[in-house]
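Novice: Assemble the whole structure, with the sequences as input and the hints as a guide.
Listed here are the chains, written in short residue letters.
2 protein chains.
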Amino acid sequence: MTELATVAVAGATQDMIEHVIVPAVKAKMCRFILFSTEALSCDSQEIECRQSSTPESVVSDTVQAIVNKEATVLMKGSIHTSAILREVLKKENGLRKEKVLSQVSVITLDDTGRQLILTDPALNIQPDANQKIAITKNAIDVAHKLGIKHPKAAILSSVEEINPKMPSSVDAAEVANYFETNPLEAIVEGPISMDIATDQSAATIKNYQGKINGDADILVVPGIDAGNLLYKAFTHFIPATVSGAIVGAAVPVALSSRSDNAATKLASLKLAIQSR
Amino acid sequence: MTELATVAVAGATQDMIEHVIVPAVKAKMCRFILFSTEALSCDSQEIECRQSSTPESVVSDTVQAIVNKEATVLMKGSIHTSAILREVLKKENGLRKEKVLSQVSVITLDDTGRQLILTDPALNIQPDANQKIAITKNAIDVAHKLGIKHPKAAILSSVEEINPKMPSSVDAAEVANYFETNPLEAIVEGPISMDIATDQSAATIKNYQGKINGDADILVVPGIDAGNLLYKAFTHFIPATVSGAIVGAAVPVALSSRSDNAATKLASLKLAIQSR
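Those protein sequences? They're chains D and G, same order as listed. The opening residue of the first sequence carries number 1 in our numbering; numbering runs sequentially from there. The opening residue of the second sequence carries number 1 in our numbering; numbering runs sequentially from there.
Accuracy of the hints is not assured; some may be wrong.
Identical chains blur together in the list; that is why a pair holds if it fits in one copy or across any two.
Straight-line Cα separation of at most 20 Å, EDC-like style, residue types lysine to aspartate or glutamate; simulated pairs [said to hold, decoys possible]: (1) Lys206 to Asp260; (2) Lys149 to Glu180; (3) Lys165 to Asp128; (4) Lys99 to Glu3; (5) Lys270 to Glu185; (6) Lys206 to Asp15; (7) Lys270 to Glu38; (8) Lys28 to Asp43; (9) Lys28 to Glu18; (10) Lys97 to Glu46; (11) Lys91 to Glu174; (12) Lys270 to Asp260; (13) Lys97 to Glu18; (14) Lys99 to Asp141; (15) Lys270 to Glu70; (16) Lys165 to Glu38; (17) Lys91 to Asp15; (18) Lys26 to Asp110.
To be clear, the hints were calculated from the coordinates, so they are not data collected in a lab.
Specialist: The following block contains the structure:
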């Protein structure tokens, strides 16, 4: 058995303790160090509360716990994501590892249990081809850590052929070419459309001759707008559990939004722990 | 009772006659003039078959039937959409009406019957703010023709506030401002995110103070990639009937893709007839 991970939470709240942190401890997912300006109360051997004087010091104290190797996962509480990332990226903290930090969201469809790794729906606004290569690497790394040994990554566009008028198709080809020359334990294909990437019958009808035939594990979206709309379609119209983490730094950052329910927040925490 | 519309079909096939055209006639949706290089057979008073010598003359003969006012709706058969649009847009044909042609897709969710008008998921690749204004006008026009007297149009982005680094949010504000100054019988709001536009509980949780609170009728997407992904999520993951038409010319063009089933093709035909 591996040792329990320790998660440092920036901006923990009493509500979070009740709905996420105590349930996670009960499920033996991890230990916690909670940072807050509030004096939090919790009686568990697995939860340590530390009070910081200001919101700014909540962020720096939390990240310092990572630098000191007291914790190996960061979790966002009631603090802006940008404030945490700024601190993580500070040179003197030495936590910047990959070229690009990116968000991965794992969508697990309720009806079939199918898992889709969606990236990047939130962090990189208009990534260029090089940034998309880094985003794809980050997602492949997560897939490997989730136990998918040879993930299929679809570099999405609206078409399957390069169209110079459609930048997403040009970028997708560049990303796919990069991985042809620099292969990882993964299949990377693009440009490819969403239906062929996720629906085998569409791939058959369209007579698609690639290696991805409706069975993509990773969906790399062209930009934040496409990713955000797809993410929201999955979270609001399709019965699914969706978790999110920011990866690419020395430690993953578990994310959740105000409107997430407790199950989603726990799923995001689990994803971040698995992505170490 | 209004007179039946006549639909001119470019590139009709025997298969289309069986699965779409005869059922449409039986449902008293319209009359047809079919153009094809094949000698088609059909015995119905409501279906006229005309043979053209080449694929090129199929297109020009079909559009000429519109110019001559023999038909008021175009329908795409086994002919490239671009070939039809090129012919429609030829100056001498006088069928260009609005500044921008755009695709509208109407998504009807099976479980609730809710209708969403999605635009433009297919035709305009990277529309600028002026083109988005035209796309929005076209969609509002369709909504009116579908009987929605005061449609709510959400100009989508990934955020609700203008972020200069996120072009979709800047464009969305420009579109919304235009309709403030040049109001139509519609509410146009943006930038707005997909969840607030379509899910009332998200609007409530995020304390959104606009006029659209999960009840958007029209979703204007930032560009083709976002639209295409959203469209494919709806067609492949959510039980829904999806129809499509190109509007903005003197007559609507009913669209369908190779992989559409007969119900979808009929729905697209109905949408185009309603959009006259």
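Novice: Are there hints from earlier that the structure breaks, and if so, what are their numbers?
Specialist: 4, 5, 7, 10, 11, 13, 16, 17 and 18
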